[in-house]
Structures are given as structure tokens and as C-alpha cells.
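Novice: Chains as they are written, first to last, in numbering that gives the first Met the number 0: chain A, 0 to 202; chain B, 0 to 219; chain C, 0 to 279.
Quick caveat, the hints were computed from the structure, so don't treat them as lab data.
Using N, Cα and C, we set each Cβ at its ideal position, and we do this for glycine too.
Possibly wrong hints are sitting among the right ones.
Claimed, not checked - Keeping only pairs whose Cα atoms sit at most 20 Å apart, straight-line, the calculated PhoX-like set for lysine-lysine is:
| id | chain 1 | residue 1 | chain 2 | residue 2 |
| --- | --- | --- | --- | --- |
| 1 | C | K217 | B | K209 |
| 2 | A | K139 | C | K242 |
| 3 | C | K128 | C | K118 |
| 4 | C | K242 | A | K128 |
| 5 | C | K202 | A | K139 |
| 6 | A | K139 | C | K217 |
| 7 | B | K109 | B | K99 |
| 8 | A | K144 | A | K179 |
| 9 | C | K217 | B | K211 |
| 10 | C | K128 | A | K144 |
| 11 | B | K35 | B | K102 |
| 12 | C | K209 | A | K128 |
Claimed, not checked - Now the stretches of chain C that chain B is said to cover, found in silico as 3 or more residues with beta-carbon under 8 Å:
| id | region |
| --- | --- |
| 13 | 195 to 208 |
| 14 | 226 to 239 |
Stated by the list, open to error - Non-contacting residues of chain B with respect to chain A, defined by C-beta distances greater than 10 Å in every case (computed):
| id | residue |
| --- | --- |
| 15 | E25 |
| 16 | L41 |
| 17 | S68 |
| 18 | K122 |
| 19 | R197 |
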Amino acid sequence: MENSRETGSTNDGAASSQNANYYDIDDILAEEELVPVVFYKSANGVKVDPTAEKDCVEKGAKVELPFWLAQELYLRQAVSLSIPTCFNQNTRREIQADAACVDLKSRCPYFYEFGCKIAPLVGDRTIGKMLLSTFQMRYKEILTKAHTTVYAPASKSLAVLTKEEISLHEAARSSMAAFKKWRIGGPRFQRASVLGRKRKPTE
Amino acid sequence: MADDFGEGSTAGMDDYETLMATTDVELLKTALRNEKAAPEILQFQVQLVKRAREQIQLMEETVEEFEQSGMDPLTVSLYQMDLDRAQFLLRSYLRIRLQKLEKYMFYIWKNDSLRNRLSEPEKIFVKRCIDDMEKHLEETVLSKLPDNYQSTRRQSIISEEDDMVPEPQLDTFVACKSSNRFVSLRLVDSERPLEMQRHDVSFVLYKVIKDKIGVDVDLV
Amino acid sequence: MFSATRANLENDNRTFLLSVFTGIISRHQRHKIGFHSLKLTSNHSKSCKNKTKSLFSFRSLSLSEMAGQSDPHISLFSPQEIEFMAEDELVEIVPNIRMDPLNFISGDFGPFFPQIPAKVPLWLAVALKKRGKCTIRPPQWMSIENLTHVLEGEREDQGAFQAVPFHYIEISRLLFDHARDDIPDIYMVRSLIEDIRDVRLHKVETNLEKFSATSAVKISHLSAMEVNVVRPFVVRSLQAFYKHDNPVVMADLDSASDRQPQVRQPQVPRNAQRQPLKRR
Chain A
0 MENSRETGST
10 NDGAASSQNA
20 NYYDIDDILA
30 EEELVPVVFY
40 KSANGVKVDP
50 TAEKDCVEKG
60 AKVELPFWLA
70 QELYLRQAVS
80 LSIPTCFNQN
90 TRREIQADAA
100 CVDLKSRCPY
110 FYEFGCKIAP
120 LVGDRTIGKM
130 LLSTFQMRYK
140 EILTKAHTTV
150 YAPASKSLAV
160 LTKEEISLHE
170 AARSSMAAFK
180 KWRIGGPRFQ
190 RASVLGRKRK
200 PTE
Chain B
0 MADDFGEGST
10 AGMDDYETLM
20 ATTDVELLKT
30 ALRNEKAAPE
40 ILQFQVQLVK
50 RAREQIQLME
60 ETVEEFEQSG
70 MDPLTVSLYQ
80 MDLDRAQFLL
90 RSYLRIRLQK
100 LEKYMFYIWK
110 NDSLRNRLSE
120 PEKIFVKRCI
130 DDMEKHLEET
140 VLSKLPDNYQ
150 STRRQSIISE
160 EDDMVPEPQL
170 DTFVACKSSN
180 RFVSLRLVDS
190 ERPLEMQRHD
200 VSFVLYKVIK
210 DKIGVDVDLV
Chain C
0 MFSATRANLE
10 NDNRTFLLSV
20 FTGIISRHQR
30 HKIGFHSLKL
40 TSNHSKSCKN
50 KTKSLFSFRS
60 LSLSEMAGQS
70 DPHISLFSPQ
80 EIEFMAEDEL
90 VEIVPNIRMD
100 PLNFISGDFG
110 PFFPQIPAKV
120 PLWLAVALKK
130 RGKCTIRPPQ
140 WMSIENLTHV
150 LEGEREDQGA
160 FQAVPFHYIE
170 ISRLLFDHAR
180 DDIPDIYMVR
190 SLIEDIRDVR
200 LHKVETNLEK
210 FSATSAVKIS
220 HLSAMEVNVV
230 RPFVVRSLQA
240 FYKHDNPVVM
250 ADLDSASDRQ
260 PQVRQPQVPR
270 NAQRQPLKRR
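With the rest of the complex left out, here is chain A (with noise of 0.2 Å):
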């Protein structure tokens, strides 16, 4: 079993790394991304688009799915997937022309996530390329200077950074901020917050 998975790029190991995290509230808020569908068949007694008058989505309708569903429907044949706008050819070039400038953050904050989800339901090879580009050169222009410099709370370089890159920078700051607590001094016998939750003596 451990041996299986440890080669990693078998089916089975795909999958339980997929359901591995199953309570992480980014992993599902990451599927929660739209992306645009069109039904092959009819649905009776469903409401899609609220403004819509009938209860009902016909087929060749083109609606936005969040990605959950959006993929179970594609394996059940119900609908055909095209690419979310945040990894078209527009998006593409702009992150070639400067990608520290652009801001993933409002077109999608599960950017890197997301389009790994995406990528193999609608066969982009060219979606993994374009996801380890982008991170590497944004990467190397924001991210690399996390530990040193100080970006004002409502600084642009940090306003487009998408969830996963913030969380970067915060691990970043957070622990260099640790470390210069200890640095500075302050009570040398800190209890660790485990220890802090002490049993009351009851008995």
C-alpha cells in the first residue's frame, strides 16, 4: 500500500492525495471556482440562472458551474467543459508580459488550485506549463523578499497575490516575526501554548 503510493503517479495514488484533504476548507473553496459549461441534455425542474422563468435548463444552455459540480457532470456526460476565463489565452499573455503585475487575486484567488483541478478534465496539457511558470516568476519578483522586507498592510505588490501566495508571504513574515520575539528578549521561561492548557487538579 505505502509502496503504491509512494511511486505516486498510479491512479489509486492520484485519488487518495485528492480526498487527503477532504476538510480543508481552501481545497473546497477552491471548487467552489466557476467554470463554464454547456448541457447536452435538458434538465427538468432545475433553476440555474434565478431571473430564468422556467424551472428548467435546456439543452445546448450555456451556464456557470462551480467546479464540483461542473465535473461530475462531465463524467456523467451532462454537460462539455470550456476553460475559465482566468487561464485563457488573454490572461496567458499578460502574465508573459509581467506576471508579479497581475492581479490573480481578483480573477481568481485559487488560481494555482484551481487550474490544477481543471487541467486534466479539459485536457490542456498547456495549463500544468503555464501554472509553474507563472508561480516561478512571481515567485522569484514577491515572494523571495517575504523575510526582509516590509510591505505596508495595504501595499500593491501584496493585493494581487492569489491565497496560496499569501499564505507564502505570511509564513514568511510570521516567522521571521517569531524569531525576532525571541531575538529582542521579553520572559526567557515562555510556556508552549500545549503545555498552557494545564488539567485542573480536580481530583
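Since the structure of chain A is provided, determine the placement of chains B and C on it from the hints.
Specialist: Below, chains B and C alone, put in the same frame as chain A:
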């Protein structure tokens, strides 16, 4: 632990290191660091923990004797400090394991090789954790769901596998040092081996070095 | 997190009916479906409010208990823990008292005689120093000559780190705090060590820019505290690089297209509408 430092390196340091490596405190420290840094649960150090417990108990008795025999308070307090430090290490080691067990109880329990890494008390702990968690989930949510969705481990009855069980992320990176003077690790077939000397720190993909932990490398 | 979940719930309402129709239950719905299906069967509609509440509490509990991967604040070791580890490093003391050998769990030290140097762990040295029972001899590497040499080396060679003790940051802080009077030229020594530390941290950052997808990054002479400071960022970055460079995405692609014909063949039987679909 102590590293040489240019030409000012202390002679005899290596001898001392070998000596230090034999103390259980040093071994416990290494075990704690490895356990803390590894994403998954590691093999429980049965013998080491047993020895550490015995030494701690012995030291507790000794300190008590010292106090009663009216030994110099300075010496007693130094022994007490040594005792406190050893206890801190042992407790930290046991505690970090409990935290992992709580986090991945379902996953650890269903996997034989992982379950065998636990001590007997840890097995009892996990079993009880699972019972409590199942009971809690059933009472608060699952009993209110339709019949097909009442499993604590599977999303629905047609799931082919446990698809609701959180697993540790093995595709993560850990920082490690060579536990010997020099080590050469073959990580991935295509890449050249990773060679590390004593003073080198490497961030390595956990799953490719996990079998080397405690043998060739230690996590830092 | 609560508000995010709440917003989520509202967003989902428009898609919820569709999912019931197709019998698809994702984990997004799973926590809410108890509530909705009660509503649909209209047996327990009055208890709806309570149900939602308990569902929320279930979710937040299980998230905090079982997930935790995404909290960037969780650092592996606190600086205090690293300091604790460093306290076992040996230093030389010159006692001013006589004391029998100490047979500790952590090793045997002493016997101690006045004016005769002895090697002890740092924590013991500090404990004796605090009680005025010894002076601590600063380690050789803490000399101004050596530190100046190291600082020059750090500045000259931007590509590599100079050899410093693994715990140089912790040892120097402990000595500065507890044995200032034993360190000659303490201000100079302290500022040199701070400079070395700052130059090195900047160098680590410059090194980070060269990171790309790989399974191992080796940094010679990185110290314990430096490892710990950059670890959260480095680990997460390497993980991201690895993920985006990993063939799993491609393997998944193949398996997804493999999967498709299987779904197509049964042409989705009519009763499949009621059948829950496994989340892939």
C-alpha cells in the same frame, strides 16, 4: 551537534560527539526532532523511551534522597534541572505523537504498517479517539443524513474507498542533516545522488528520504 | 472561516437543486444536505434552524481537528525550542567552588575545582553563572579576529555561507544575556555577530530566488536558527514547485480520459438520478 568552525575547531570534539550520541538524552532529542519534522507518524522508540523512563524515575528517587540527606541545595537544584530537561524531552516526544494520532487517527488505524509503529498505550488511545469521534459525528451530523451518507469514512455507500479520511502530506519537504560524516543519497533514479557532509543542511522531498531517517540522516 | 462558509452556503443554493436532481453530492453539500433533505421531506422543518447550527459546529470542529494544512502560522519549532536544543552545547567554565562530579541523565560532568577549567553544557554553565559560582569562557569562535574574518567572508562570497557553529545564534544570545561580563569587547562582538546574521539572512533570501522545481536543495553551513526561520517559506515554496512540476497532473489527465468511456457506455441509466455519485 557541535560543528567545526574554521581552523578554530576544537580538537577532540568528534570524540565528544560520539560520547554524547550515546546518552539517551541526545537520542531522545534526535527522536523528538525527527518526529516533529516528519509529516507522518514514525516508529515508536520503544527501547529508548523505556530507558529514558527508567533513568528519569531513578533520578527522581536520587533527588529525593539528596534532599533528605541534606545535600548542598545547589547540587540538588542542578540535578533537578537535568531531570526537568529530560522530562521535557520525553513529554514533548510523546505529545507530538499524540497530536499526530489525533489528526490522522482513521488513516493510521486502517493502515497496518502505520498502526504497527504505535506503542500499546498509543493504540488504545487511537482506538478511543476513533470511538469518540465516530460517536460525535454520528450524533451531530451523520444520523441526520440520508441512509447512503452515514459513513464516517466514505462520502456515500458507492464510494469504492475511504474518500473522507485525511492523510498526511508526504509530498512535502523536510530539512535534514547527515547523521554521519558523509552520506550519499540516491533520491530519484534520474538525478545525481545528493551528497551531504556534516555541515550541510538539505531541504529534501520527504517521501524520498523517509526510509533514511534515523539511519543516514536526521531531521532538523 | 465562519463567514466564508456562510457565504458559501448562500452561493450554493442556486446549484443545490440541480445537484439533488442529478443525485450528486459533493462534500460541499454533504454538511448541508441533512438540513436540505429535511426541508424537502418537510417532516422536521421546524428543527431546521437547530440543525444548521449543529452542522456548522461539526464543520468547524472537524476542520480544526483534522485539517490544519493551510495555516501558514504553524512553524515547526519555536525559537525557544531551538534555544533549548542549543543549551546542550558544551562551553568551558572556570568554577570558583569545589563540587563533586555530577552524574546527570544527560552525561557526567565534573568534578569541579576552583580555577580549573571544565567543560559543561551551556544550561549548566548559565545556572552556575547565575549563582555566581563560575565564569564562562566564551568559545574560540567568538573572538573579534575570527568574527571579523567570518563577516568579511560572508560579504565577499555571495554564493556560499561561511562555516559557523550550528547553534551560533542561540549560543551567542545566551551568553550575551547571562555572561556579559565574561566576554571581552562585548559590544564589538555582539555587533559583529548581528552583522553576520543579517548578511547571512539576506543571502538566504537571494538564494531563494534560484529555487525551482526539484526534489532537494542543499545549503552548506546553514545554522539551526536560520533553518527554522526560513523553513515555513522554503517548505511551502518547494512544495508548490514540486506540485506544479509533478507528472501526477499528467497521469491524472490520462486517467480522466480513461474514465470517460466507462461512464459513457451505460448511458447513465435512468435510476442513476437517485444514485449518489462518488466524488472523484
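Novice: Does the structure break any of the earlier hints, and which numbers would those be?
Specialist: 10, 13
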